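Visitor: Read off the chains here:
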Amino acid sequence: MKKYLISIIIGAVLGYAAIFAFAWYSNPGQIVWLRLLEKSEQWEQHLRNQSSAPCHIIIGGSEISFSVAPDYILKQTGVRVINASTGAGSGLLCNAEMALRHIRPGDNVVISCLSMTDAMAPTTPGLQLCIKKRGLNTFTDGLIPFSPHHLKTTLQGDPLGYSYFMARAIMFNGTPYRYMGKEARMQDSGWIELYMDLMKECKYLPEFRRANTLLKRPISGYMQSSFRRIKQVMEQRGATVCAHIPISLQHATMRTVCAYHALFLTRMGIPVLRDERLGTCDDNTQFSDTFQHLKPEAARANSLIIAQALQNKAYWSEDELITYLHAHGWTADGTPLTK
Amino acid sequence: MDFSTTEFWLSLLGALPIVLGGNYLLRKKDDAKQLFHKVLTLLLSITLLGVASLPSLIIFLYVTMLAYGACKWGEQRSARASKSLLWVLIPLLLLPLLYYKYAYFIGTCLQEEWDTLKHLIIPIGISFYTFQIIGFCIDTLIRKVPMPTWLDYMNFSSFFPQIVAGPIERRDELLPQMQRIRLEYNSAHMQAGVPYIILGLFFKLALADNLALSYSPQYSPGTAIQIWMFNLIFTFRIYFDFAGYGLTAYGLAKCLGITLRMNFLSPYTASNITDFWRRWHTSLTTWFRDYIYFPLGGNRTKRWAINLLLVFAISGLWHGAGWNFILWGSISGLALIIHKSYKQMGWRLPGIVGWGVTFGFMVFIWMFFYINDANILTQNLHTLITAEAYDIPRFIAHQKLSSAYAGMPVLFIPLSFIVVAAEFISQRTQHDPYKLFLHPFACGLMVFLIIFLQPAIQNQFIYFAF
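As they're listed, the protein sequences go chains A and B. Here the numbering used here is used: the first residue of the first sequence is 1, the next is one more, and so on. Here the numbering used here is used: the first residue of the second sequence is 340, the next is one more, and so on.
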């Protein structure tokens with residue numbers, strides 16, 4: 001029995017060690033993010049070589065990676081945008097670390113507000129990214145990717161699934177992530193065109209009740225402090241900070257929620273880009289495989305809207321947002337208006 | 340009672356303090372300790388089944404209580420009365436099985452637009468324990484053997500390693516062991532059982548679950564190569580899934596000092612179809628042989644071929660309520676008839692050719708098992724006989740558009756063949772298809788592979804659906 005116990009323990013230790021090594025070195029999500037960041041660095045170099053005019057650095061998750069096209073923006077509007085997004089899976093602070101690599105005094109950082117109610121704490125992949133990019137620890141100083149929680153999420157990884165993604169990417173010359181072959185094309189300006197057409201049958205339009213529920217949910221304290229910290233650090237570096245509510249396939253009633261969150265940020269001193277869509281779109285044909293990933297054509301249209309807001313420095317004012325909330329039956333504090 | 344979940348093993352660990360405590364308190368009272376072990380085994384089995392599904396537990400109790408009561412009544416009666424009782428008892432025992440598993444199918448056969456009972460959930464393990472209990476009743480009433488105590492009978496019926504997905508045990512084999520069951524640590528038992536548990540989990544978690552990700556029976560691929568690939572994937576998947584469960588059950592029982600029947604004996608190393616069915620789901624095939632085929636006359640009657648076909652058609656139906664299952668069983672029966680016939684004429688295929696024909700045949704007919712849509716099945720059959728459908732560039736193009744996990748066969752089909760080859764070598768050298776896998780080094784390797792290969796997406800044991 002002793003021999004079996006020893007061999008089981010050795011097998012288990014080696015198994016977990018192999019998973020860990022795999023997750024650290026070969027996580028396909030990481031590889032995509034690293035490639036995206038390389039592209040955004042090259043694009044930044046291209047922009048800085050062209051001119052010393054300030055740039056807008058937009059950070060966020062895949063809702064930005066797939067939906068904001070810097071090359072198209074530059075060509076159509078002359079606005080200089082660097083897409084420094086990775087994935088929501090890295091966490092807001094890790095994304096902010098990525099922006100720090102690009103900013104120069106006079107630049108503007110645009111933070112995509114994927115969620116204001118759920119904490120987007122740095123995750124193991126995000127921290128690994130920061131470590132791999134060496135010297136990045138302004139927001140993540142003291143955070144160790146090997147804490148018990150992070151270790152658990154790493155060990156729950158799927159190394160074989162990862163290796164298949166990578167093998168297929170090599171075989172079919174695609175992106176080594178869950179998007180394969182003809183489904184995704186990484187662009188030189190640091191974003192990805194996504195061609196999947198899975199949302200065309202989607203009937204996802206949450207009922208209006210969801211908006212009411214979300215309005216009652218408090219803004220995450222963690223998100224508030226994260227935004228404050230990002231603003232403070234960026235301003236110390238001579239940059240300005242604003243926010244952007246990304247577009248999602250959801251019911252129009254969700255605009256109330258977005259307006260409320262925009263008001264919250266505005267009152268925190270972080271202006272929010274004025275976008276009449278207020279984060280919602282009910283046309284499922286514009287979306288690719290999830291409710292936040294736009295198809296290339298829709299991504300370009302989305303990019304123009306953002307660019308025009310940036311160019312015109314168009315932000316929501318407090319009064320506008322309060323008026324909108326009142327018109328939809330809510331107070332500025334996110335409570336129902338009593339009639 | 341899913342062995343592949345952490346919850347199951349934690350449940351067993353949870354019972355450990357009770358076992359240890361009871362053993363300590365009753366250390367000087369052997370009879371009381373044995374009773375305690377039996378009661379605890381029953382409680383554990385019932386609890387695990389009840390937690391998995393309360394309706395399943397209720398139906399199980401109905402079947403077991405009815406059978407026990409009837410056999411107890413028959414014990415006091417004449418041999419003739421006991422035999423006659425079976426004509427009433429067996430249909431009553433089959434009633435829940437017929438209702439939950441076959442009522443919708445029967446309805447659709449009688450009426451095209453039948454929609455009632457479509458969403459009935461089959462109680463866990465019903466196909467297995469019903470047959471086990473029917474076998475018990477037949478053995479008890481026909482042979483007029485004494486009834487065991489209620490406690491021993493319930494432990495025989497509900498023994499948790501095997502109640503949900505077999506093997507289907509016999510009274511003569513399992514009951515005496517349950518009458519002597521001890522929940523005490525025994526190094527020899529553990530050493531005998533743990534390697535089988537690891538092997539079973541390796542089959543299920545490392546192989547079957549990965550293969551399950553790689554095929555989709557919901558559409559007709561349109562390329563013959565893809566269909567053959569799906570068939571091959573399913574061929575291995577069903578074996579590793581089902582055998583994995585059986586081996587884990589075997590190992591778990593061994594740890595408790597109980598020897599269950601080995602349900603699989605490396606069926607894919609069989610060199611002819613008869614040999615295949617001696618190795619595949621042995622507990623079910625021997626059940627059908629002993630309780631249906633032999634009573635119909637077996638090989639000794641001129642109607643042996645019809646009997647064989649009937650038995651296999653019923654066996655197909657046991658697996659699932661659908662014409663595709665009946666077809667699958669019938670084709671298997673037909674193949675057996677053909678094999679027996681040409682064997683009687685003295686013909687025999689050489690070893691490797693026989694293996695190739697048998698394996699290829701099984702790869703083909705599994706398609707009838709996993710596709711229950713008649714349109715897709717028909718389309719696939721048509722595709723397989725169309726020369727143009729064997730188009731390699733089209734197959735590769737199809738692969739490119741497939742989901743990410745469609746790349747799994749590249750690794751897992753060769754790995755599956757390697758495992759089957761290892762079974763063959765083990766059989767040849769050790770006279771046991773799994774002996775090679777039981778070596779400590781092999782166990783350590785399998786633990787490594789379980790951890791490393793286990794996909795993020797897991798599937799329930801395939802035979803839980805039966």
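Be a bit skeptical, because a hint or two may be false.
Heads up, simulated DSS-like pairs for lysine-lysine below, C-alpha to C-alpha not over 30 Å straight-line [claimed, not checked]:
1) B:Lys411 - A:Lys2
2) B:Lys682 - B:Lys641
3) A:Lys2 - B:Lys682
4) B:Lys422 - B:Lys641
5) B:Lys422 - B:Lys411
6) A:Lys133 - A:Lys200
7) B:Lys483 - B:Lys422
8) A:Lys2 - A:Lys132
9) A:Lys3 - B:Lys774
In silico contact screen, one side only, chain A against chain B (beta carbon under 8 Å); selected entries [as the list claims (entries may be wrong)]:
10) Leu14
11) Tyr16
12) Ala21
13) Ile31
14) Arg217
15) Ile219
16) Gly279
17) Cys281
In case anyone wonders, no lab produced these hints; they're calculated from the structure. Note that the structure is a prediction, hence the values are computed from the model and not measured. Positions of the beta carbon are idealized from the N, C-alpha and C atoms, including for glycine.
Visitor: Confirm or reject each hint.
Guide: Hints, verified against the model:
1. B:Lys411 - A:Lys2: Not OK: B:Lys411 and A:Lys2 at ~47 Å, beyond 30 Å, violated.
2. B:Lys682 - B:Lys641: holds, 17 Å
3. A:Lys2 - B:Lys682: Violated - the C-alpha atoms of B:Lys682 and A:Lys2 are around 49 Å apart, more than 30 Å.
4. B:Lys422 - B:Lys641: The given pair, whose Cα atoms are some 26 Å apart, holds under the 30 Å limit.
5. B:Lys422 - B:Lys411: Holds, at roughly 13 Å.
6. A:Lys133 - A:Lys200: The hint is violated at about 38 Å.
7. B:Lys483 - B:Lys422: holds, 10 Å
8. A:Lys2 - A:Lys132: violated, 41 Å
9. A:Lys3 - B:Lys774: holds, 16 Å
10. Leu14: Interface hint status for A:Leu14: holds (5 Å vs cutoff 8 Å).
11. Tyr16: holds, 6 Å
12. Ala21: violated, 10 Å
13. Ile31: At 14 Å from the nearest chain B Cβ, A:Ile31 fails the 8 Å test, so the hint is violated.
14. Arg217: violated, 29 Å
15. Ile219: Interface hint status for A:Ile219: violated (32 Å vs cutoff 8 Å).
16. Gly279: It is violated, given that the least Cβ distance between A:Gly279 and chain B is near 30 Å, above 8 Å.
17. Cys281: With a closest approach of 26 Å, the A:Cys281 hint is violated.
In summary, the numbered hints that this structure violates are 1, 3, 6, 8, 12, 13, 14, 15, 16 and 17.
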